[in-house]
Amino acid sequence: MAEILRQESAAILRGESTAILRLDGITKRFGPVLANDGIGFALAEGEVLALLGENGAGKTTLMNILFGHYVADEGTVHVAGQELPPGQPGAALAAGVGMVHQHFTLAENLTVLDNVALGTRPLFSLSSGRRAARARLRQLSEDFGLAVDPSARVADLSVGERQRVEILKALYRDARVLILDEPTAVLTPQEVDALFATIRKAVAKGLAVVFISHKLGEVMAVADRVVILRRGAKVAEMRTAETDRHRLAEAMVGAEIVPPEVPPATPGEVLFRLDQVSVAGSPGLRDASLALRAGTITGIAGVSGNGQRALADLLSGLAFPESGAVELKGSALADWSPRQAVAQGIARIPEDRHATGTIADFDLTENAMLEDYARPPMSRKGWLDWGRARKRAEAIIEGYDVRCPGPSVPIRLLSGGNMQKLILGRVLEAGPAIILANQPTRGLDIGAVTYVHRQLLAARERGAAVLLISEDLDELRALSDVIHAIHDGELSPAFARGEITVKELGLWMAGQGGRHAA
Amino acid sequence: MRLEPVEAPTLARRLGYPAAALAATVVVAALLAAVAGGNPAAVLGQIVDGAVGTKFARLETLNRATPLIFTGLAVAVAFRAKLWNIGAEAQLYLGAVATVLIGTQSGLPGPLVIPAMAAGAVIAGAAMLLGPTLLKTKLGVDEVVTTLLLNFVVLLFVGYLLEGPMKDPMGMGWPKSPSLPKEARLPRIVEGLRLHWGFGLALICALGVWLVQAKTTLGFEMRAVGLNARAARFAGMPVNAVLAKTALISGGLAALAGFSEVAGLKGNLTADISPGFGYTGIVVAMLALLNPLGVVVSALFVAGIFVGADSMSRSAGVPSYIADILLATALLFMVLALMLSRFRVVRG
Numbered sequence: 001m002a003e004i005l006r007q008e009s010a011a012i013l014r015g016e017s018t019a020i021l022r023l024d025g026i027t028k029r030f031g032p033v034l035a036n037d038g039i040g041f042a043l044a045e046g047e048v049l050a051l052l053g054e055n056g057a058g059k060t061t062l063m064n065i066l067f068g069h070y071v072a073d074e075g076t077v078h079v080a081g082q083e084l085p086p087g088q089p090g091a092a093l094a095a096g097v098g099m100v101h102q103h104f105t106l107a108e109n110l111t112v113l114d115n116v117a118l119g120t121r122p123l124f125s126l127s128s129g130r131r132a133a134r135a136r137l138r139q140l141s142e143d144f145g146l147a148v149d150p151s152a153r154v155a156d157l158s159v160g161e162r163q164r165v166e167i168l169k170a171l172y173r174d175a176r177v178l179i180l181d182e183p184t185a186v187l188t189p190q191e192v193d194a195l196f197a198t199i200r201k202a203v204a205k206g207l208a209v210v211f212i213s214h215k216l217g218e219v220m221a222v223a224d225r226v227v228i229l230r231r232g233a234k235v236a237e238m239r240t241a242e243t244d245r246h247r248l249a250e251a252m253v254g255a256e257i258v259p260p261e262v263p264p265a266t267p268g269e270v271l272f273r274l275d276q277v278s279v280a281g282s283p284g285l286r287d288a289s290l291a292l293r294a295g296t297i298t299g300i301a302g303v304s305g306n307g308q309r310a311l312a313d314l315l316s317g318l319a320f321p322e323s324g325a326v327e328l329k330g331s332a333l334a335d336w337s338p339r340q341a342v343a344q345g346i347a348r349i350p351e352d353r354h355a356t357g358t359i360a361d362f363d364l365t366e367n368a369m370l371e372d373y374a375r376p377p378m379s380r381k382g383w384l385d386w387g388r389a390r391k392r393a394e395a396i397i398e399g400y401d402v403r404c405p406g407p408s409v410p411i412r413l414l415s416g417g418n419m420q421k422l423i424l425g426r427v428l429e430a431g432p433a434i435i436l437a438n439q440p441t442r443g444l445d446i447g448a449v450t451y452v453h454r455q456l457l458a459a460r461e462r463g464a465a466v467l468l469i470s471e472d473l474d475e476l477r478a479l480s481d482v483i484h485a486i487h488d489g490e491l492s493p494a495f496a497r498g499e500i501t502v503k504e505l506g507l508w509m510a511g512q513g514g515r516h517a518a
Numbered sequence: 001m002r003l004e005p006v007e008a009p010t011l012a013r014r015l016g017y018p019a020a021a022l023a024a025t026v027v028v029a030a031l032l033a034a035v036a037g038g039n040p041a042a043v044l045g046q047i048v049d050g051a052v053g054t055k056f057a058r059l060e061t062l063n064r065a066t067p068l069i070f071t072g073l074a075v076a077v078a079f080r081a082k083l084w085n086i087g088a089e090a091q092l093y094l095g096a097v098a099t100v101l102i103g104t105q106s107g108l109p110g111p112l113v114i115p116a117m118a119a120g121a122v123i124a125g126a127a128m129l130l131g132p133t134l135l136k137t138k139l140g141v142d143e144v145v146t147t148l149l150l151n152f153v154v155l156l157f158v159g160y161l162l163e164g165p166m167k168d169p170m171g172m173g174w175p176k177s178p179s180l181p182k183e184a185r186l187p188r189i190v191e192g193l194r195l196h197w198g199f200g201l202a203l204i205c206a207l208g209v210w211l212v213q214a215k216t217t218l219g220f221e222m223r224a225v226g227l228n229a230r231a232a233r234f235a236g237m238p239v240n241a242v243l244a245k246t247a248l249i250s251g252g253l254a255a256l257a258g259f260s261e262v263a264g265l266k267g268n269l270t271a272d273i274s275p276g277f278g279y280t281g282i283v284v285a286m287l288a289l290l291n292p293l294g295v296v297v298s299a300l301f302v303a304g305i306f307v308g309a310d311s312m313s314r315s316a317g318v319p320s321y322i323a324d325i326l327l328a329t330a331l332l333f334m335v336l337a338l339m340l341s342r343f344r345v346v347r348g
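First to last, the protein sequences are chains B and E.
Letter by letter, the first sequence follows residues 1 to 518 in my numbering.
Letter by letter, the second sequence follows residues 1 to 348 in my numbering.
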């Protein structure tokens, strides 16, 4: 079987076999940015093609063109030999292209069955056809290993289950090409395994799958062939059987990546302690206990939306505990606000650097002084000292390698990585004792990710206590001295470095820790 | 068709489109004048002449601009912090009421009465806007609705005052308040010329607002809250307190328009003291891109159109309503021009 596949895709590469999907010379500009530069590839039935590239490499743009959300400036898309009219998602759907977006597109207040059947039935019909639809959905669920209750409301489903519904939706419409955009970002390790099993069942039945990702391990595990994008252009195409992670990474980044070394930790005293703390919210935080020690990095692993926000808000000064004891540098929390948190020496790297961490239309000088504008030397008696503010911004730009035209450009013109570097500079300059890093590397390219990691490790070396909240298990396992999983607002016990396997961590992230894990 | 942001607009782009907007406004005005039966060139000439052609006209324009500077500043300050104060009209009227009450009832000695009137007006206007702002920050009530509707409440309240408790017993039945005594009237800037110190105060206020916005921590907070309240809160800014302070400044500025009209120009309070200065202040502020110094320029422009159109209608027989249409056209073209200077239109 595998041999046949290989021959087939080789034939596709030579242009001898007809492909189920073919993209030719796709070019797309957004203003001055060349998002896609003459990209082309072909895909056969029964094949998994991975589209690998860093954030901003042009993967999602390319798929949006394929699906008809965007109109390409140049290039064509063929499905089963037929050219797709540009800009018509309906045509793509009819031709058998199904897409599972990174952010799901489900109607939350409808049932699974209604979501799946939505738009597939004629507008006016005497019989609703629900019985047939239900039977078909059941059959698909069984065939592809996508267990989900057809009559459950989508709002009540977990993120993993919602993804299954999205896939079922595509299969229900007789998709022949299934596009999965970063499908593992929201899953626990166990759910990732189940998804891969589904993908294998799908290709065995002759579907073609496009798997978009920036995670090398997953690409190696699930794909037959890899197309690598960098800065909008296709830089390589390889068969996974004939390559390895190392070569993929090099092709993706364009340079060799050296992960930072993590020296052994020298734990100091507890700087921040939660004892049976609850914070309101959905899910909020329930009876969480945690201790951040000087000179360590504490990692929080979890699927997003499981209480990470409440934990981050608590440390940021935005939330106040409902019950339980919070101890900051040995004394109980009294007056608590974001300004108080800053004054207590907590460096806060927020989850959303665009909406929370910076003000888009403020320039770099203004963004650099957001947290301490009200104190000398940035201001005296209410009067701002713009000269000093500008000097400080210049110092951060210099010291933290922020690539920008100068301190007086609006920060919205900067890339995510440079924006994050400015935030790092803003919060780390004063040598804070406690650092909250909430998804500090999400959406950054590998160079910026490595930079952020080095900064966090340097702060740990200096004796800071770091709380690292992340959805990237590789990152967490590489950096964390202590790791907790979070599920539905509850924190798992603390595990020291190397004390827990990915599998066990996955169970804790799914709320089944301690039960199945031996 | 789509819009794509222009990342770094050139100076030509930023000034060219607004200039084109003004040109387009003139063209529309000429067309309207022709439709109304006038000679377009003559009508436009008479508007300009009526606004700045004579010494009297120029003073009249400055006088008309004075309340517009105050209400324009009030709107500019509030909008900058995304506090949508549509109630400058109400704040103006309450300021006028406070001015008359203190001016006629307090019995303060001469040099104290004018500062007391101004202070009273500011307090009344500030309080008027503080209510809706607290409703917004505490309960999430939309201030657009509350401030807009309170305009009508206050206008009716003033009508009641002028028919009842504040009615001038010597007014021969007209709904007007008693006149201010001489020492409670704002002096002329130059003796013999019909321009009072309200205009000077307006200029000082514009400079003050600019200083606050550009140089102080409060101004920094107001701009930050307006651009991104969430990031401002995260950074440690007291967002609700900033909005409350903004409301006090904005309401106070609008009330000074009432103070200036009563103490500088009219000498008493009638229910028609403002022909919509509060609402026109929104136009003034938008034309000035919420820049406090720009407010002075745009207030002069708007006042010039009104004064010039009044004068033109007397001689050319074209209705002075053309001024309203001109302003509306200017505003629409200007908004369009501003969008076009920041975005380019792309096909597909």
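In case anyone wonders, no lab produced these hints; they're calculated from the structure.
Keep in mind that the hints are not guaranteed to be accurate.
List of simulated lysine-lysine pairs, DSSO-like, C-alpha gap at most 30 Å [as the list claims (entries may be wrong)]:
id: 1; chain 1: E; residue 1: 215; chain 2: E; residue 2: 82
id: 2; chain 1: E; residue 1: 167; chain 2: E; residue 2: 182
id: 3; chain 1: B; residue 1: 215; chain 2: B; residue 2: 391
id: 4; chain 1: E; residue 1: 182; chain 2: E; residue 2: 55
id: 5; chain 1: E; residue 1: 167; chain 2: E; residue 2: 82
id: 6; chain 1: E; residue 1: 182; chain 2: E; residue 2: 266
id: 7; chain 1: E; residue 1: 245; chain 2: B; residue 2: 381
id: 8; chain 1: E; residue 1: 167; chain 2: E; residue 2: 245
id: 9; chain 1: E; residue 1: 55; chain 2: B; residue 2: 391
id: 10; chain 1: B; residue 1: 381; chain 2: E; residue 2: 182
id: 11; chain 1: E; residue 1: 167; chain 2: B; residue 2: 381
id: 12; chain 1: B; residue 1: 381; chain 2: E; residue 2: 138
id: 13; chain 1: B; residue 1: 215; chain 2: B; residue 2: 205
For each hint, the structure was consulted:
1. For the suggested pair residue 215/E and residue 82/E, the alpha carbons sit about 19 Å apart, so the restraint of at most 30 Å is met.
2. The hinted pair formed by residue 167/E and residue 182/E meets the criterion: a straight-line CA distance of about 19 Å does not exceed 30 Å.
3. Between residue 215/B and residue 391/B the CA atoms are separated by roughly 40 Å; this puts the pair beyond 30 Å, and the hint is violated.
4. For the hint linking residue 182/E to residue 55/E, the alpha-carbon distance of about 26 Å falls within 30 Å, and the restraint holds.
5. About 38 Å separates the Cα atoms of residue 167/E and residue 82/E, which puts this hinted pair outside 30 Å; it is violated.
6. Taking the CA atoms of residue 182/E and residue 266/E, the gap is about 12 Å. The hint holds against a cut of 30 Å.
7. For a cut-off of 30 Å, the pair hint linking residue 245/E to residue 381/B stands: about 17 Å separates their Cα positions.
8. Distance restraint check for residue 167/E and residue 245/E: the Cα-Cα separation of roughly 34 Å exceeds the 30 Å cut-off, and the hinted pair is therefore not satisfied.
9. Only pairs whose Cα atoms come within 30 Å are accepted, and residue 55/E paired with residue 391/B is rejected, the gap being roughly 50 Å.
10. For a cut-off of 30 Å, the pair hint linking residue 381/B to residue 182/E is broken: about 40 Å separates their Cα positions.
11. Distance hint between residue 167/E and residue 381/B is unfulfilled; the C-alpha atoms sit about 47 Å from each other, more than 30 Å.
12. The suggested pairing of residue 381/B with residue 138/E holds, with an alpha-carbon distance near 29 Å, which does not exceed 30 Å.
13. A C-alpha spacing of about 26 Å is found between residue 215/B and residue 205/B, which places the hinted pair at or below 30 Å, so the restraint holds.
Hints 3, 5, 8, 9, 10 and 11, counting from the list given before, are not met by this structure.
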